[in-house]
Amino acid sequence: MDFDEIYKTYWQKIFRLCMGYVNNTDQAQDIAQETFIIIWQQLPKFRHESNIGTWIFRIASNNCLRQIEKEKRIIKTELPINLEVEIQESIEPQIQLLYKYISELPQIDRIIISLELEDTKQSEIANITGLSEANIRVKIHRIKERLTQKFKDNGK
Amino acid sequence: MENNIDFKNIWQQQKVNEPNKDELVKKLKKYKSSSLRKLILSNVLLIATSVLIILIWIKFQPQFLTTKLGIVMVILAMVIFLFSYNKQLPIFNKIDHIKSNQDYLNSLKKLKLKQKYLQTHIMNLYFILLLAGICLYMYEYALRMTASGAIITYLVTLTWIAFNWFYIRPKTIKKQQLQLDEIISRFETAEKEC
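Keeping their order, the protein sequence lines are chains A and B. Going by this note's numbering, the first residue of the first sequence is number 18, and it counts up by one from there. Going by this note's numbering, the first residue of the second sequence is number 128, and it counts up by one from there.
There's no promise every hint is true.
Some chain B residues close to chain A (C-beta under 7 angstroms, calculated; not the full set) [unchecked claim]:
1) 137
2) 141
3) 151
4) 153
5) 224
6) 225
7) 228
8) 229
9) 233
10) 253
11) 309
12) 311
13) 313
14) 317
Here are the simulated PhoX-like cross-link-like pairs (lysine-lysine), alpha carbons at most 25 angstroms apart as the crow flies [unchecked claim]:
15) A:169 with B:241
16) A:161 with A:117
17) B:241 with A:138
18) B:135 with A:167
19) A:138 with A:117
20) B:319 with A:25
21) A:25 with A:138
22) A:117 with B:154
23) B:243 with A:62
24) B:319 with B:243
25) A:138 with B:298
26) A:87 with B:241
27) B:298 with B:241
28) B:236 with B:153
29) A:87 with B:135
30) A:167 with B:148
31) B:302 with A:62
32) B:226 with B:165
33) B:298 with A:25
34) A:138 with B:319
35) B:319 with B:165
36) B:319 with B:195
37) B:135 with A:138
38) A:87 with B:239
39) A:117 with B:156
In case anyone wonders, no lab produced these hints; they're calculated from the structure. Glycine included, every Cβ here is placed at the ideal spot set by N, Cα and C.
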């Protein structure tokens, strides 16, 4: 896989991962771009014995974690309260809510759930994060429960 | 709202226009040149100062050992500063991006702890060498002055040194440490959540 191909295949995925992490389009785009810069630099070192997806997601999620160093206690912007009344039939607010809720999770949980929603195998998520598969399974279950609860609370 | 929300479906509908790849390449080049520029700028300033001091040495031919020693110490201070400043960048880039998240967080934290240790020690060493060097360097020229002139010169210099040592140095170190401590504690929090 060359860089162009990786860029085409993974841009949206990486963007979503970053978006789930920061819930801010501009910032997410910046982090995604940074990630591709690292991928571009590291690609010659990629050894084909491991899965390219795992390799890319490791770089991307690590780069998200790197933001811990830069972020200055970002104050997350609140959604307008009456949003769901206005555009109930549209899925848009649901997307916004999902990303907002995910970005409020603990750091590592954001990465875990983003990878899960990208259809990454649990064994691979374990490999990317360094946690055990059993731990990942439990965490995903809990995170989904938590997100469902938040959606429910929001929908009253 | 139903119990089983299709998170995957919602998640994957978030789309953003893929930026042009050329733009990315442009950014990549800019990024490379900006960090290089910063490195060159700080190096040029310190090297220029060192060259100036060496020129003074050649031009005025100091007689005393103290003067020469002073010059060497000041240059040494700058070299150490340069060395540590330049050294920081490679350490930073040496982090393995391919590690698992857990290991990555851990190495980020270790890096910051190392930086914290180095910064304080190098800062102290830099100030000691620089200030002691200046005092030694001045000695030869102060001797040629009148007694009161020499006393005033030394008094002014020592006041300046005291100001640097007791005010600037701790302030700089404290500022650096505060920043690093905050980052370290954030890494620790993220690590605990694993």
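Consistency of the hints with the structure:
Taking 7 angstroms as the C-beta cut-off, the interface hint given for residue 137 (chain B) holds, the closest approach to chain A being about 5 angstroms. Hint status for residue 141 (chain B) relative to chain A: holds, with the closest Cβ pair at about 5 angstroms, below 7 angstroms. Interface hint at residue 151 (chain B): satisfied, since its Cβ lies 6 angstroms from the closest Cβ of chain A, which is below the 7 angstroms cut-off. The closest approach between the C-beta of residue 153 (chain B) and any C-beta of chain A is roughly 11 angstroms, which is over the 7 angstroms cut-off, so the hint fails.
Hint status for residue 224 (chain B): holds, given a least beta-carbon distance of 5 angstroms to chain A, under 7 angstroms. For the restraint placing residue 225 (chain B) at the interface with chain A, the shortest Cβ-Cβ distance is roughly 6 angstroms, inside the 7 angstroms limit, so the hint holds. Checking residue 228 (chain B) against chain A: minimum C-beta separation of about 4 angstroms stays under 7 angstroms; hint holds. For residue 229 (chain B), the shortest C-beta to C-beta distance to chain A is roughly 3 angstroms, which falls under 7 angstroms, so the interface hint holds.
With a cut of 7 angstroms, the hint placing residue 233 (chain B) at the interface with chain A is violated, because the nearest CB-to-CB distance is about 9 angstroms. Taking 7 angstroms as the C-beta contact cut-off toward chain A, the hint placing residue 253 (chain B) at the interface is violated, the least distance being around 25 angstroms. Contact between residue 309 (chain B) and chain A, as hinted, is not supported at the beta carbon level, the nearest pair being about 9 angstroms apart and thus beyond 7 angstroms. For the restraint placing residue 311 (chain B) at the interface with chain A, the shortest Cβ-Cβ distance is roughly 10 angstroms, beyond the 7 angstroms limit, so the hint is violated.
Interface hint status for residue 313 (chain B): upheld, as the beta-carbon distance to the closest one in chain A is roughly 5 angstroms, under 7 angstroms. Interface hint at residue 317 (chain B): satisfied, since its Cβ lies 4 angstroms from the closest Cβ of chain A, which is below the 7 angstroms cut-off. For the given pair, residue 169 (chain A) sits about 46 angstroms from residue 241 (chain B) by alpha-carbon distance, which is inconsistent with the 25 angstroms threshold. Annotation: proposed proximity of residue 161 (chain A) to residue 117 (chain A) holds, straight-line Cα distance about 14 angstroms (limit 25 angstroms).
Simply put, residue 241 (chain B) and residue 138 (chain A) have alpha-carbon atoms about 36 angstroms apart, too far for the 25 angstroms limit, and the pair is violated. Restraint check for residue 135 (chain B) and residue 167 (chain A): the C-alpha separation of about 16 angstroms stays at or below 25 angstroms, so the hint holds. Our distance criterion of 25 angstroms between C-alpha atoms is met by residue 138 (chain A) and residue 117 (chain A), whose separation comes to about 24 angstroms. Distance restraint check for residue 319 (chain B) and residue 25 (chain A): the Cα-Cα separation of roughly 35 angstroms exceeds the 25 angstroms cut-off, and the hinted pair is therefore not satisfied.
For a cut-off of 25 angstroms, the pair hint linking residue 25 (chain A) to residue 138 (chain A) stands: about 21 angstroms separates their Cα positions. For a cut-off of 25 angstroms, the pair hint linking residue 117 (chain A) to residue 154 (chain B) is broken: about 28 angstroms separates their Cα positions. Our distance criterion of 25 angstroms between C-alpha atoms is broken by residue 243 (chain B) and residue 62 (chain A), whose separation comes to about 31 angstroms. A C-alpha spacing of about 21 angstroms is found between residue 319 (chain B) and residue 243 (chain B), which places the hinted pair at or below 25 angstroms, so the restraint holds.
At roughly 50 angstroms between alpha-carbon atoms, residue 138 (chain A) and residue 298 (chain B) are farther apart than 25 angstroms, so this suggested pair is violated. Taking the CA atoms of residue 87 (chain A) and residue 241 (chain B), the gap is near 18 angstroms; set against the 25 angstroms cutoff, the hint holds. Under the criterion of a C-alpha separation no larger than 25 angstroms, the hint pairing residue 298 (chain B) with residue 241 (chain B) is consistent with the structure, at around 20 angstroms. Distance check on the hinted pair: residue 236 (chain B) and residue 153 (chain B) sit about 31 angstroms apart at the alpha-carbon level, beyond 25 angstroms; violated.
Using a Cα cut-off of 25 angstroms, the hinted pair residue 87 (chain A) and residue 135 (chain B) is violated, with the two alpha carbons roughly 29 angstroms apart. Restraint check for residue 167 (chain A) and residue 148 (chain B): not satisfied, since their Cα atoms lie roughly 37 angstroms apart, outside the 25 angstroms limit. For the hint linking residue 302 (chain B) to residue 62 (chain A), the alpha-carbon distance of about 38 angstroms lies beyond 25 angstroms, and the restraint is violated. A C-alpha spacing of about 29 angstroms is found between residue 226 (chain B) and residue 165 (chain B), which places the hinted pair above 25 angstroms, so the restraint is violated.
A C-alpha spacing of about 49 angstroms is found between residue 298 (chain B) and residue 25 (chain A), which places the hinted pair above 25 angstroms, so the restraint is violated. The straight-line distance between the Cα atoms of residue 138 (chain A) and residue 319 (chain B) is roughly 24 angstroms, inside the 25 angstroms bound, and the hint therefore holds. As the CA atoms of residue 319 (chain B) and residue 165 (chain B) are separated by approximately 35 angstroms, the hinted pair breaks the 25 angstroms bound. Proximity of residue 319 (chain B) to residue 195 (chain B) is assessed by CA-CA distance (about 54 angstroms); at most 25 angstroms being required, the pair is judged violated.
Between residue 135 (chain B) and residue 138 (chain A) the alpha-carbon distance is near 14 angstroms, which keeps this suggested pair within the 25 angstroms criterion. Proposed proximity of residue 87 (chain A) and residue 239 (chain B) is supported: the alpha carbons are some 13 angstroms apart, at most 25 angstroms. Annotation: proposed proximity of residue 117 (chain A) to residue 156 (chain B) is violated, straight-line Cα distance about 33 angstroms (limit 25 angstroms).
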